[in-house]
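Taking the hints into account, I'd like the entire structure generated from these sequences.
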Amino acid sequence: MNYKFIRDGVEELVTKETWHWLALYNDGTSLQQFDDNGYFHQFSEIDQSKLSAFKMMSDDKIVDYVIPFDQTMKLVHFYKITRLNVYTPSFKEVKSYCFGYEKKVNNRNEKHFLVITPNEVILCEDPNIINFK
Amino acid sequence: MAATVSISESNGAGETPTASITNTNMGSTDAVNLDPVAYPITPADLSYAKYQRFNVTAMGGSSAIRTLKVWRTGALGGSATHLTNAGETTDYNQLAYAQPINTAVVDADNAMPTSEPATPNLGIATSLSASLTATGYSDYLVHQITTDAGDVAGSTSTMSYQYDEVA
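Chains as they are written, first to last, in our numbering: chain A, 1 to 133; chain B, 1001 to 1167.
What the hints contain is simulated information worked out from the structure, not anything from laboratory work. Don't be surprised by glycine CBs; every beta carbon is placed ideally from N, CA and C. Check the hints yourself; a few may be wrong.
[Unchecked claim] SDA-like cross-link-like pairs, simulated, lysine to any residue; straight-line CA separation at most 20 Å:
hint, chain 1, residue 1, chain 2, residue 2
1, A, 111, B, 1006
2, A, 95, B, 1002
3, A, 4, B, 1002
4, A, 95, B, 1006
5, A, 74, A, 132
6, A, 16, B, 1002
7, A, 133, B, 1158
8, A, 133, B, 1113
9, A, 103, A, 38
10, A, 133, B, 1074
11, A, 95, B, 1066
12, A, 95, B, 1164
13, A, 74, A, 42
14, A, 4, B, 1058
15, A, 95, B, 1116
16, A, 4, B, 1166
17, A, 74, B, 1129
18, A, 92, B, 1156
19, A, 92, B, 1063
20, A, 104, A, 68
21, A, 133, B, 1063
22, A, 4, B, 1133
23, A, 16, B, 1072
24, A, 92, B, 1073
25, A, 4, B, 1063
26, A, 111, B, 1133
[Said to hold, decoys possible] Label-pair distances were calculated between CB atoms; the ranges are:
hint, chain 1, residue 1, chain 2, residue 2, range
27, A, 1, B, 1022, 26 to 32 Å
28, B, 1057, A, 18, 46 to 52 Å
29, B, 1152, A, 45, 43 to 49 Å
30, A, 4, B, 1035, 40 to 46 Å
31, A, 105, B, 1152, 54 to 60 Å
32, B, 1019, A, 126, 45 to 51 Å
33, A, 126, B, 1125, 21 to 27 Å
34, B, 1035, A, 29, 56 to 62 Å
35, B, 1037, A, 102, 47 to 53 Å
36, A, 102, B, 1126, 21 to 27 Å
37, B, 1016, A, 71, 48 to 54 Å
38, B, 1074, A, 45, 40 to 46 Å
39, A, 71, B, 1129, 58 to 64 Å
40, B, 1057, A, 1, 18 to 24 Å
In structure tokens form, the structure reads like this:
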């Protein structure tokens, strides 16, 4: 299913991702990436000042991944797209869903990520430590 | 859809870009999607340099493309080397387009990584930490093969690419 996104007055269509997010706010409201009203929301639309939890969900899986948030945490989310052996019969494209937070602890910037790959979920401090081959 | 990202190659004196290339074969001519059997590299010569870029042709609802990585896998054969301007941190050399040549390209002197680099190694707007926030191109990935007189034909190695997309 395609969802609408309006950029500078121009409509773009966005296909629902295998894994998509739901932002839960501390006032009881929420924002979901692929809204029931047919619109797509960008990550930047999340109001991090009142974020209480960030959930990654899939229509095909029986588990969700939830990170509880407080206002000392900065949410980070992106896709990592890897194209292996391009232009060959063994070409493979892998999309990984990276999400987590940054937080200052004792003047140190700590990072914690969950990375959902097609095969597993990995907890790490930096998704770049996961090497695709 | 998510962002649409492909590889573009530029050729010729006046720069003719070709979108969505179908191979990155290296050979003895400046041409996109070339046939290496028709244009083999003579042992001891260099291939013509490739000038290729990540090409974002639609953002598909996303807000940024960043953290570009390129690497190769497979044996080059003999003492051939695969050189590039791509590099992590201070090794990266941003290069402007120039008509591809089969002599050494100045500042394309890093070895192409043989596994995924730990950090980005190809820039956007001269910076390894910059993002593309609209359709457009990355910096040029310049790369070429050097060979030795004792090298024989037929080695194959393949390219892999990676980028982060902020939706």
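Each hint tested on the structure:
At most 20 Å may separate the alpha-carbon atoms for a hinted pair to count; residue 111(A) and residue 1006(B) exceed this at roughly 31 Å. Taking the CA atoms of residue 95(A) and residue 1002(B), the gap is near 11 Å; set against the 20 Å cutoff, the hint holds. Restraint check: the Cα-Cα separation between residue 4(A) and residue 1002(B) comes to about 12 Å, which is no more than 20 Å; the hinted pair holds. This hinted pair checks out: residue 95(A) and residue 1006(B) have alpha carbons roughly 15 Å apart, not beyond 20 Å.
Simply put, residue 74(A) and residue 132(A) have alpha-carbon atoms about 27 Å apart, too far for the 20 Å limit, and the pair is violated. Restraint check for residue 16(A) and residue 1002(B): satisfied, since their Cα atoms lie roughly 9 Å apart, inside the 20 Å limit. In summary, the hint linking residue 133(A) to residue 1158(B) is supported, as the alpha carbons are separated by about 11 Å, within the 20 Å threshold. Between residue 133(A) and residue 1113(B), the direct Cα distance comes to roughly 12 Å. Compliance with the 20 Å bound is thereby established for this hinted pair.
The hinted pair formed by residue 103(A) and residue 38(A) fails the criterion: a straight-line CA distance of about 33 Å is larger than 20 Å. With a C-alpha separation of about 11 Å, the suggested pairing of residue 133(A) with residue 1074(B) holds against the 20 Å cut-off. Among the hinted pairs, residue 95(A) with residue 1066(B) is consistent with the structure: their alpha-carbon atoms are about 15 Å apart, no more than 20 Å. For the suggested pair residue 95(A) and residue 1164(B), the alpha carbons sit about 10 Å apart, so the restraint of at most 20 Å is met.
Proximity of residue 74(A) to residue 42(A) is assessed by CA-CA distance (about 16 Å); at most 20 Å being required, the pair is judged to hold. Using a Cα cut-off of 20 Å, the hinted pair residue 4(A) and residue 1058(B) holds, with the two alpha carbons roughly 14 Å apart. With a C-alpha separation of about 15 Å, the suggested pairing of residue 95(A) with residue 1116(B) holds against the 20 Å cut-off. Of the pairs offered as hints, the one joining residue 4(A) and residue 1166(B) holds, with about 17 Å between alpha carbons and a cut-off of 20 Å not exceeded.
At roughly 19 Å between alpha-carbon atoms, residue 74(A) and residue 1129(B) fall within 20 Å of each other, so this suggested pair holds. Taking the CA atoms of residue 92(A) and residue 1156(B), the gap is near 18 Å; set against the 20 Å cutoff, the hint holds. Only pairs whose Cα atoms come within 20 Å are accepted, and residue 92(A) paired with residue 1063(B) is rejected, the gap being roughly 24 Å. Among the hinted pairs, residue 104(A) with residue 68(A) is consistent with the structure: their alpha-carbon atoms are about 16 Å apart, no more than 20 Å.
Distance check on the hinted pair: residue 133(A) and residue 1063(B) sit about 27 Å apart at the alpha-carbon level, beyond 20 Å; violated. Between residue 4(A) and residue 1133(B), the direct Cα distance comes to roughly 19 Å. Compliance with the 20 Å bound is thereby established for this hinted pair. A distance of roughly 32 Å separates the Cα atoms of residue 16(A) and residue 1072(B); the hinted pair therefore is violated under the 20 Å criterion. With a CA separation close to 14 Å, the supplied pair residue 92(A) and residue 1073(B) stays within the 20 Å bound.
For a cut-off of 20 Å, the pair hint linking residue 4(A) to residue 1063(B) stands: about 15 Å separates their Cα positions. Distance hint between residue 111(A) and residue 1133(B) is unfulfilled; the C-alpha atoms sit about 24 Å from each other, more than 20 Å. Taking the beta carbon of each, residue 1(A) and residue 1022(B) are about 31 Å apart, inside 26 to 32 Å as hinted. One distance hint, 46 to 52 Å for the beta-carbon pair residue 1057(B) and residue 18(A), is violated here, with the actual separation near 23 Å.
With their beta carbons about 57 Å apart, residue 1152(B) and residue 45(A) fall outside the hinted range of 43 to 49 Å. Residue 4(A) and residue 1035(B) have their C-beta atoms about 44 Å apart, which keeps the hinted 40 to 46 Å range intact. Checked against the given bound of 54 to 60 Å, the beta carbons of residue 105(A) and residue 1152(B), roughly 57 Å apart, stay inside it. For residue 1019(B) paired with residue 126(A), a C-beta distance near 33 Å fails the hint of 45 to 51 Å.
Checked against the hint of 21 to 27 Å, the C-beta distance between residue 126(A) and residue 1125(B) comes to roughly 24 Å, which is consistent with it. The hinted window of 56 to 62 Å between residue 1035(B) and residue 29(A) holds, with their beta carbons roughly 59 Å apart. The hinted window of 47 to 53 Å between residue 1037(B) and residue 102(A) holds, with their beta carbons roughly 52 Å apart. Between residue 102(A) and residue 1126(B) the C-beta distance comes to about 26 Å, which sits within the given range of 21 to 27 Å.
Separation of residue 1016(B) from residue 71(A) is about 53 Å and conforms to the stated range, judged on CB atoms against 48 to 54 Å. Between residue 1074(B) and residue 45(A), the C-beta spacing of about 43 Å keeps the proposed range 40 to 46 Å intact. Between residue 71(A) and residue 1129(B), the C-beta spacing of about 26 Å breaks the proposed range 58 to 64 Å. Evaluation of the 18 to 24 Å hint for residue 1057(B) and residue 1(A) yields a pass: the beta carbon distance comes to about 23 Å.
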